[in-house]
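Chains W and C supply the protein sequences, listed in that same order.
Note that the first sequence covers residues 0 to 105 in numbering that gives the first Met the number 0.
Note that the second sequence covers residues 0 to 462 in numbering that gives the first Met the number 0.
Heads up, a few of these hints could be off.
[As the list claims (entries may be wrong)] Derived lysine-lysine pairs resembling DSSO-like cross-links, with alpha carbons at most 27 angstroms apart:
| hint | chain 1 | residue 1 | chain 2 | residue 2 |
| --- | --- | --- | --- | --- |
| 1 | W | 52 | C | 393 |
| 2 | C | 26 | C | 393 |
| 3 | W | 38 | W | 52 |
| 4 | C | 26 | C | 214 |
| 5 | C | 393 | W | 37 |
| 6 | W | 37 | W | 52 |
| 7 | C | 393 | W | 46 |
| 8 | C | 26 | C | 242 |
| 9 | W | 38 | C | 393 |
| 10 | C | 236 | C | 249 |
| 11 | C | 214 | C | 236 |
| 12 | C | 242 | C | 214 |
[Unchecked claim] Just so you have them, the derived chain W footprint on chain C, three or more residues with Cβ under 8 angstroms:
| hint | stretch |
| --- | --- |
| 13 | 61-68 |
| 14 | 292-302 |
| 15 | 308-314 |
| 16 | 317-331 |
| 17 | 372-379 |
| 18 | 405-412 |
| 19 | 432-446 |
[What the hints assert, rightly or not] A few chain C residues facing chain W, derived, Cβ under 8 angstroms:
| hint | residue |
| --- | --- |
| 20 | 92 |
| 21 | 96 |
| 22 | 369 |
| 23 | 417 |
| 24 | 422 |
| 25 | 451 |
No lab work stands behind these hints, which were simulated from the structure alone.
We put the beta carbon where it would ideally sit given N, CA and C, even for glycine.
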Amino acid sequence: MSAPFFPQFSQTTYLVVSLLLGFFFGFFLERAGFSSAKKLTAQFYFKDFAVLKVMFTAIIVAMLGIAYLATAGWLDMSLVYVPLTFLWPQLAGGLLLGAGFIIGGY
Amino acid sequence: MDSLNIPISPVPLTFEQAEAMARRQIKKHHVAVMLLHWFNAMVWLVELATGAALISSPHFRIAPVWYLGIVQGFFGSRAHMLWFHIAVGITWIVVFAVYGTFGFRTYLAREVLEREIALDWDDLVWLRVRLLRILGRSNEPLPSQGIYNAGQKLFALLVYAVIPIIMITGLVMAFHLMSMFLVAWAVVLHFLAVGLVVSGLMIHVYMGAVFPEEKPAFFSMITGTVNELYAYRHHFKWWKEVKMQERQWKQDMEGTGGSAGPEDGFPAAAETLGLPSDVTQPRRGLGEIVHRVFRTPGYWPPYVAGVGLGLTLLATFILMGEGLGASGGFTRYLGAVIAWVAPHYVNHSSYWSEYAGTGQSPLISFGAFELIGVVMGGFVSGWLAHRLRISVDKGPRVSARSRYALALLGGLLTGYGARLARGCTSGLALSGGAVLSAGAWAFMMAVFAAGFAGAYFVRRYWI
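Here chain C stands alone, though its shape is the one from the complex (with noise of 0.2 angstroms):
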């Protein structure tokens, strides 16, 4: 079989050709593939919607007090609402059960098992390098994908690990099988493969209904089509494999061993299928995505340092029931040096006995014990980094003394600015803020009003 015109990795398109293969439409799925994933969609709605009304434990909830009350008065009673949930979830097994045995050959060996998740080379190499693109430490191509690519098949195959525990579990709450041991295990089970599926569920949904570039996708569960060039753009492999498909089909109709015609009108790649050189990556493995990740110079895409800034922030809250902060924590040790050389000040003035009064000693407290976190966290970053050494960041146009003078001077307006705002940018504006309080964000602004304002008089100092 001659395959010439097919080319063995993606080429560039003229323009034409790009507009040719945007109206040409090709299969993606079948009719009961896109029955069965609306009535799956609609199952998830249903009982994600009732599910969470049902935990009512002020231990367990997940939903807010108010929410249960409305889905709970929908249904009239909690019994009922608990009866709809079961009803709904018996139907979806059982629909289930029918597709997998009925459909077994055409669509749960052929469609899932071959197709949904099975996970190859390519696949691992497409995980590997949509991370570090993602952390900004890579800027290789994406290795060509096929029929669902390998974020998709990650999703598929937790969906088809967890789906039979939450039946099963689901089966075992409802009807109370077995020992009240095994179904207090259910219920765990049950909560913890839902938020699983839900966690994965969470991306799906984004990527099918917002993500622009996967448009067609979404509408390829409707329509069942996709068009040519976001085949040959996102599923290479799958549209290659296509191609071969149809010449196949088209010279078994003809009935001659024929050329390859002219119609696709692609360049003959030097790659061409049957050669040896079908793109070989070099085998890497986790350390190395911990190698690029951590240990290469340049910082993270400041959104993904914000995020991890944001979930440490979030922890704090939730642990400490405060923010981060900076000025605070050296505040505490200024005010421990204090008490030490003058007690007797400490004790009457009103600021520092707040700090530093009898009994409790100010270094015992979280600003205290946080900042030595903070420098061993950056010391051990920086080191990770290779970015470790002693040097005055300053402008080209300034002199090391006058950058320390100028340092000493903008501190001793920082800390001063700091104390009378009862914070610093990281305790007032970054904590404050995220809690919304009034002051944290006026501080904010008016942090950045003098930066922005003050920029163009000290320009020659940093640029």
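Here chain W stands alone, though its shape is the one from the complex (with noise of 0.2 angstroms):
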């Protein structure tokens, strides 16, 4: 048995799971503080990196555990969904979110 687990996931398990990592994620997500429009654009006033930090850390921790799963065969990537890039649209996509991010403090 090798992950990703969702195919063998009935609906109800699929739910419940969602459900439950949704539930960690706003957890962690407030407890860093991005609950707070203030704390997340304080980054850009080169207040208070915790955006930064909280971010980048979330993405080694998890891009490390895929990497070695994958590599010791344990995490089927073809079954992983790797968002497909689209340069042009995703940079002016990431300019105007991040414009709306410094406007809006989401």
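Got two chains here, each in a separate frame; can you build the complex from them with the hints?
Right, here's the structure in full:
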């Protein structure tokens, strides 16, 4: 049996697991202080780099885990969704989102 | 015996005192202990390297296939490698047996039982304060430690508890002792026991070989000595013990009950030995730790929260085959509303039919349920930390009404940008970043670029 496990889930299991993962996602985001727009925007004024620190720590932890599991043959990467690259729309979308971020405080 | 000049708890040192202490070495390890340590380290290295290569079943394999090939190639065949693994293991058992039998009084009783695994009350306090300090929930000083600190003792306890299991199960597996049923269980126990030690070993090796403050501890395993300053700062109780012994020895030699020599030059601290003030820590239990970690206001240190978030993200990839997201979930809710109001439009729109086409409801999905969980998780976290309140989060120089207008404008841009890029900071930057999607990283750079560039123009709304 190898990961990812979602093909073996019943619909109920699938939704319960989704809910639980979301729970931890929300929990850690709140713990990090991401529920505060002021804290989120503070990084753009070089006051509080918590957003960058949390985000890059999370990326590195997940990336190392995925890399190891995939190399050891435990995680079937053909079943893992890797976002496709559409360079120009993604650059434009990123600029729009970044502008919206600093204006709206998301 | 007079011991006025040996302070009962660490006192600040003058520069000269510290320098003198840094030059003096005190003996920490007997040479037999050091030899056993390095013998043990080599056995672990060899046994882990061959053991990992022995697990070839695709269901339980922990090392990548290419590694198995290299190690097996080195030994010629799997049978040779197995033989080697068993031979080294038996040597290990024999050496430990000889050491334990002939050195029982000198090493096992004195070194292991009295020093390495004897957790005392100070150690429990130390563990509690250490944990809280890592989580940024305390700045209390750590209590003084003996020759090994509480973390080292915990590791030693784990190792001594687990090593006999590894040895016995190894013998059962190697010689097929007893029934096949027991051999099968021995395999499982052998793996689990090794896994337990390895998890502790990672911290042990990191602290010994990488962590700069513990450098003297690493070299003490080669030279047998540590400098006195390190002992004073990290293992104060042990330092005190050594000093008391030295003084006693000196007095015995001089045959006097004479006063303490001034050569140490320590200020006679108000707290001297014998007074009952001996650092009484208020007793607190596990409940206190839980309370401090979860129920006190103030956010977690970013790296701690980041590891939690990263593990959640990793679990999401392992379980669901995709990462965490936010905008996708909102899109599904919107899709459900549009499909309810205008089903005809949805079925003919190439964008919406992907989400809300005929058949499956867009709400029966990972994204939709994950978002419910996010709201619950954030609520519970905020509730635990007494952060729940209704407020308008804004800079001091902007009215609530303008803040609402800006939030709407920002939200429009953010929402459009996220859908244009096929993801937001969570679904694309975070999750795509972790699986090294090129577009995700380009997106992330663009977000930060626009954020930093735009910050100047809206500064009066935030600061």
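We went through each hint and held it up to the structure:
1. W/52 / C/393: holds (23 angstroms)
2. C/26 / C/393: Violated - the C-alpha atoms of residue 393 of chain C and residue 26 of chain C are around 60 angstroms apart, more than 27 angstroms.
3. W/38 / W/52: holds (13 angstroms)
4. C/26 / C/214: holds (16 angstroms)
5. C/393 / W/37: Holds. Residue 393 of chain C to residue 37 of chain W sits at ~6 angstroms (cutoff 27 angstroms).
6. W/37 / W/52: At roughly 16 angstroms apart (the allowed maximum being 27 angstroms), residue 52 of chain W and residue 37 of chain W satisfy the hint.
7. C/393 / W/46: holds (15 angstroms)
8. C/26 / C/242: holds (12 angstroms)
9. W/38 / C/393: Given that 27 angstroms is the threshold and the Cα spacing comes to 10 angstroms, the pair holds.
10. C/236 / C/249: The given pair, whose Cα atoms are some 20 angstroms apart, holds under the 27 angstroms limit.
11. C/214 / C/236: holds (20 angstroms)
12. C/242 / C/214: Judged against 27 angstroms, a Cα distance of about 23 angstroms means the pair holds.
13. 61-68: Answer holds; 4 residues pass the 8 angstroms Cβ test.
14. 292-302: Three-residue rule met by the stretch 292-302 of chain C, so holds; n is 4.
15. 308-314: holds (count 7)
16. 317-331: Since three or more residues must qualify, the claim that chain W covers the stretch 317-331 of chain C holds, with 7 doing so at under 8 angstroms.
17. 372-379: Holds, because 8 residues of the stretch 372-379 of chain C bring their Cβ atoms closer than 8 angstroms to Cβ atoms of chain W.
18. 405-412: Since 8 is at least three, the answer is holds.
19. 432-446: holds (count 14)
20. 92: This interface hint is violated because 29 angstroms lies over the 8 angstroms limit.
21. 96: violated (35 angstroms)
22. 369: It holds, given that the least Cβ distance between residue 369 of chain C and chain W is near 4 angstroms, below 8 angstroms.
23. 417: holds (6 angstroms)
24. 422: Holds - the Cβ of residue 422 of chain C comes within 8 angstroms of chain W, reaching about 6 angstroms at its closest.
25. 451: Holds: closest Cβ of chain W sits about 6 angstroms from residue 451 of chain C, inside 8 angstroms.
The structure is inconsistent with the numbered hints 2, 20, 21, although it conforms to all the rest.
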